[in-house]
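Student: Construct the complete structure from the given sequences, taking the supplied hints into account.
Heads up: the first sequence begins at 989 in this note's numbering, then just goes up one per residue.
Calculated directly from the structure, the hints in this document are not laboratory data. Source: prediction; values computed, not measured. Even glycine gets a Cβ: it sits at the ideal position worked out from N, Cα and C. Take these hints with a grain of salt, some might be off.
Below, a list of computed lysine-lysine pairs in the DSSO-like style, where the Cα atoms sit at most 27 Å apart [unchecked claim]:
no.	residue 1	residue 2
1	1228	1409
2	1188	1210
3	1348	1404
4	1409	1348
5	1539	1520
6	1536	1416
7	1082	1539
8	1314	1132
9	1298	1318
10	1232	1404
11	1019	1082
The calculated label-pair distances, taken between Cβ atoms and stated as ranges, are [stated by the list, open to error]:
no.	residue 1	residue 2	range
12	1168	1206	16 to 26 Å
13	1441	1055	35 to 45 Å
14	1341	1259	25 to 35 Å
15	1301	1368	37 to 47 Å
16	1347	1209	20 to 30 Å
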Amino acid sequence: MLIFDDLFAQLLEAIKINLPEVDNTDLVSDKSGHADYSFRTFRLSRLMKTSQEDLFSIIKEALKSVGFVSNVALSSGYVNISILDSFFLESVSKYLSERGQYPDTFQDPERVLIEHTSTNPTGPIHIGRSRNSVIGDGIARIFKRCGYRTTTQYYVNDSGKQVAALYKGFQMYHEKDDPTLGNLLDGYQKIYKTMTDREKEKELVEPEIKRYESGDAEILQKIREYCSIVLQSIVESLQKIGIKIDDYVWESSFLRGGELDSVFESLSDKIEDDSGAKFVSMPDGYKIYLRRSNGTSLYFARDIAYHLFKALNADWIIDILGEDHKDHAKNLSYVLKEFMGYTPRLDFVTYGFMSLEGSKFSTRMGNIVSLDEFVSRATEEGLKVVREKRPDLSESRLHEIAEAVAVSSIRFSIVKVNASKQLDFRWKDALSFEGDSAPYVMYAYARSRSILSRIESVPAGDKSWTMNEWERRLARTLFSYPYHLRDALDSLRPEIIANYCLELVKSFNDFYSQCPVIGSGEETEKRVMLVKNFSEILKDAGSLIGIKFLKEM
RNA sequence: GGGUCCGUGGCCUAGUUUGGAUAAGGCACCGUCCUUCUAAGUCGGUGAUCGUGGGUUCGAAUCCCACCGGGCCCGCCA
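Tutor: Following this line, the structure appears as structure tokens:
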């Protein structure tokens, strides 16, 4: 829960005393530049058959007692409400100095579990898949920031067809070799080339699945070993872009622990039979198979078991999934809630697929970019740029900056786009460090730190803190941070934070070019305060989406 | 074919969940500003019938319907 001076709520409450019919869609934070808040009279005027002028008088009267309101005016149906110049800056400063953060938080008892990435341990993570990680990690950080007890989890698929193929491929093509990452991937790719149709797949892989699920010690041990090797490389790739997942849950643990049997037991009155195979029916008649006729389990059944397991330690469960899993998510949610009385809050964030230079990612066409490759190319590009701009810095410092720029850029370029949209990856755009990008954000931070580092003593200034338009806009944008944070949390949309960062930086850059800080006499104290608040809040917000901030760059 | 998501200047994106005051940024292009705190920046300019057509409304990028274009799903794969 966020703690801050919620002006919006206070204004609304004050107006409600004299005008109980008001609801929170009548009042908006104004974006048109007319005022700070704007009350729209249209709805109430019709509803109450009261003129806009009369409503205006009532509102003006109601706001008389509100100390931070400086002006109330009626303009073409809008009641424009202005806030005292000093209020925004004072409020933010108070929180930062007294509580250490703005907004402050109150620990929420709800335990939130966010599952993300969960890519099959059958190959390195590529840039398309990393969209999942970037979104998931962003959402997790937003929850933590808002005071939730948050855990992230990676579901390791070490059972089923794909990993059986990983095993079989290695046995077929590299039996005498060490199970290195390279050999495992090679075997996997080769076996997939031979599995040209579903019959071929069945023939090669199904006996292995059967062995696996019947508890054959050899295959169990091998698959765990192979998956661990591939998973390790994925974990390392994620680490490079600053993502660390709290828990790894192995799918196979539900096969062995008996959880799967309890799933079938508790669903027994819903389960139907199709020549030995087991399924449940959705309201539209669609059949969801839980078990093959040969007795082995299917993904849906194991995913039920997994979600029951999640519920043991969480009140709110969030899964980040590719849009190909959308129907699965809907059906899973239905079965859990309607058939099994599932109580935790369950949300799915699905994201559109990424493409590469306008065409589909495709492993077999070689049309793919691994996360590692992207990181190293971005770092290289970053190094080129920093070297040119900062020839004065040491080699190690240049590398440090290049890496921060690369990682931040990668995450920012992915997270800033709404998850529901398809995202086309283009090298040219991804490696550009200008405009609406992470370096743009980082650079503004470095500028603010540079100013602060040059401040020795601050002369006491004019305490009334009247502001010019640039100071005011910056102060107001800083103040608005909690609203964006709350929006991002409620809608599970980390891009709201990315866009807020851009908006905040824009207001800072305008301020920077118009308002000198050092040596500005009476203005200095106020401006230093603005710069200080800016650097803290920008770092706070940007860190949520994985931007790394440097004092200089 | 059925379901579902997306469609905003030449290109990319915000705004759509909660309908409101001249549709907001970036890239590219043209021009401006470094003897003020880092020019990865600032300012100005060119460029949008918000996919199309209806509807609801005092008011629609936003809500409803139809259509068009694209993604994804429709497996005893995951």
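Student: None of the hints should be skipped; say for each whether it holds.
Tutor: Going down the list of hints, with the structure as the test:
| no. | hint | result |
| --- | --- | --- |
| 1 | 1228 - 1409 | holds (25 Å) |
| 2 | 1188 - 1210 | holds (23 Å) |
| 3 | 1348 - 1404 | holds (21 Å) |
| 4 | 1409 - 1348 | holds (15 Å) |
| 5 | 1539 - 1520 | holds (13 Å) |
| 6 | 1536 - 1416 | holds (22 Å) |
| 7 | 1082 - 1539 | holds (24 Å) |
| 8 | 1314 - 1132 | holds (26 Å) |
| 9 | 1298 - 1318 | holds (17 Å) |
| 10 | 1232 - 1404 | holds (20 Å) |
| 11 | 1019 - 1082 | holds (25 Å) |
| 12 | 1168 - 1206: 16 to 26 Å | holds (20 Å) |
| 13 | 1441 - 1055: 35 to 45 Å | holds (36 Å) |
| 14 | 1341 - 1259: 25 to 35 Å | holds (33 Å) |
| 15 | 1301 - 1368: 37 to 47 Å | holds (42 Å) |
| 16 | 1347 - 1209: 20 to 30 Å | violated (40 Å) |
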